[in-house]
Every structure is written in C-alpha cells, then in structure tokens.
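Now for the letters of each chain:
2 protein chains.
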Amino acid sequence: MAVSVLRLGHRFARDARISTHVALTARAFGAEKIAYDAKATDVKESVEDVVKQWGGSFTVEFTDTPMKYLKSFTGLKVHLTMYGLSLNEVIGKITKRGGDLLVVVGGKKVPSEVYELVDYNVSVGTQPHSEVAALAVFLDRYFRGGEVDIEYKKAKLKVVPQAKGKKVLSE
Amino acid sequence: MAVSVLRLGHRFARDARISTHVALTARAFGAEKIAYDAKATDVKESVEDVVKQWGGSFTVEFTDTPMKYLKSFTGLKVHLTMYGLSLNEVIGKITKRGGDLLVVVGGKKVPSEVYELVDYNVSVGTQPHSEVAALAVFLDRYFRGGEVDIEYKKAKLKVVPQAKGKKVLSE
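The listed protein sequences derive, respectively, from chains A and B. Quick note on the numbering used here: the first sequence kicks off at 558 and runs consecutively. Quick note on the numbering used here: the second sequence kicks off at 558 and runs consecutively.
With the rest of the complex left out, here is chain A:
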C-alpha cells in the first residue's frame, strides 16, 4: 500500500514555495512520492535536500502528460477539490478500500476531465483555502493520525519532542 500525490497546475517561479510546501506535506504525512505537471526543478532540489537530512525515501518526479499519468494509475484516485463530496462523508469508504492511492491536488485551473477520471472528488471544506491544508488534513484522516509520529529511516537529523525549546539529534 503506497500513497502518491499528483500536483496539477504548477506555474514555476510564482508557485515554487507553495509547491514545495505541498511536497513536504505529502512526505511528512506519509505519501511516498509526488509528481508535478511541470519541470519544477527547484522544488525537486529543495525536497531532495530535506530527504537527505531527514530521511525516508520520498521522491519527486515530473510528467508531461498528467492525464495519461492519472489514467494509467491502477489504485484508488482521489481529487481534492472544494466542489467535491464532504471529507466527513466519504473518508470512511476511502480508507476501507486500501491498496495504492493517488491523491490529486490542483491549483486554480484543473481540467474538467480530472473530475471524471478519479474515483472520488473530495472537499476538505467547501471554502476556498489551500491545497497544502487540504492535502494535510486528508492524509491525517486517511492515516488516522498515525503519520504524525512516523520515524524515517536513514535520517541524519531527528527531533526529540520537548515541552519548551528545541532538541535535535544529529548523526
């Protein structure tokens, strides 16, 4: 069982920080990889630096043909959109399915084809907010909170939780 993320609508420089937040959130909340519909090289570099320091095996890839990527994925496909069915209503069905999962997150303009190609269009609230927030909450619900305490293999840095202040172990 693996969770991947497909990030649509990346628009280079303007979106670099948001796209980096999307990728780091995917990694921190238990996904194994993210694919962008553009060559987001700067994002890939930032994220790979984090993986080198903080461990795990999260990967960033690019696709020129995101609709083909979506069609050829064989597991469950979930698109996060404020227009979809309520997370509270469908999360039970989605977690029950198991197997591989692809979570699609868009920017402002998602091709209407996406709504048809996925198994579920899911809204993490019907208010405009953030693809970073939607992805985080969806994955937190999907993994039932367990992802928050994940420990990554091959980490050079490791935080030791503290009531006050900071404690980081380095290899």
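Just so you know, these hints were derived from the structure itself, not from any lab.
Identical copies carry no separate label here, and so any pair may be met within one copy or between two of them.
Below 25 angstroms or equal to it, Euclidean Cα-Cα: the simulated DMTMM-like pairs (lysine to aspartate or glutamate) are: (1) K724 - E670; (2) K715 - E704; (3) K665 - D572; (4) K665 - D606; (5) K666 - D599; (6) K666 - E618; (7) K665 - E728; (8) K596 - D572; (9) K710 - E618; (10) K715 - D676; (11) K723 - E646; (12) K665 - E708; (13) K601 - D572; (14) K653 - D706; (15) K711 - E602; (16) K653 - E704; (17) K713 - E605.
Knowing the structure of chain A, use the given hints to seat chain B on it.
Using the frame of chain A, we list chain B on its own:
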C-alpha cells in the same frame, strides 16, 4: 469560545502567498481572526475579498508588538512547532481546556521567548513541512472534524457538494 491565530515571521512579498494560505486556512478551519507581525496589506485585501464572497466574519489585523500581543492574550496559547510535544499526545488536554485559544504559527525564525510564553508547544509531526499544513491539521483535530462542514453567514457564494463537477449557488 473563539480561536485566533498569530502569524509570526511574515516577510512581505516573498511570503504573501503562503501568508494568504495561512489566513484562508485559519478561516476555513474555524478560527475567527488572524494577526500578523507585519503590515501584510495585500494579504488582508485578498482575505477580505474572500470573506465578502464566502461569508462569515473572519478578520485580519496587524501588530507591531507580537510578544506583547501574546502576553496579553488571556486564553490558552498553543505554538505549533516541529520541536514541540506530539499532537497525538497533547490534543486531548488542549481540547478539554475550552475557552479562548490563540494558535501561534511561525516562519523559520521564531523568537525563543515564544516557546516560554505559550502553554503548549505542539508538533504536528517532527518533520519539516508547512505552517499551513500544521495549522489545518491542528484545527481539524481541535474541532474534531466538524469545521469541515461549517456554513458561513452572509455568503454570496455557496458550494453544493457534488460527486463530479462543480455546483455553486450565488445570491
């Protein structure tokens, strides 16, 4: 009972999009206001446009003295930081407290004083990710998922959840 957010470390142009995502996430996940430690006028305008269209009474304010702001807050103060205690460990105690809540979210450099001034330093995972993700997941846990289905008063636009496609009612 009201939830407010204090956003530290806003650095103008560079951070405008992330700061806007933080504010919209605060609003969408049930907070009533956000305060910035800088005059983030562009953020305030974007967020006020959303409030006009999508309803509710979320407000954006600025403070020149964020430490004073933090000290003078009389309810429970929670700082979201990857160095804090695990969300899974402390969320029960925090929700049990009730009353007004101030959630502090930082950028990279948060003054060490903040760690001492708050009641709880809480980590939404000990991995580097995003203040947007941390805020969303914290509030989702705090409101036990109910905030996802909030309806806002005085909304000109309202999404009607759909399995496929988009349906928006406008006043």
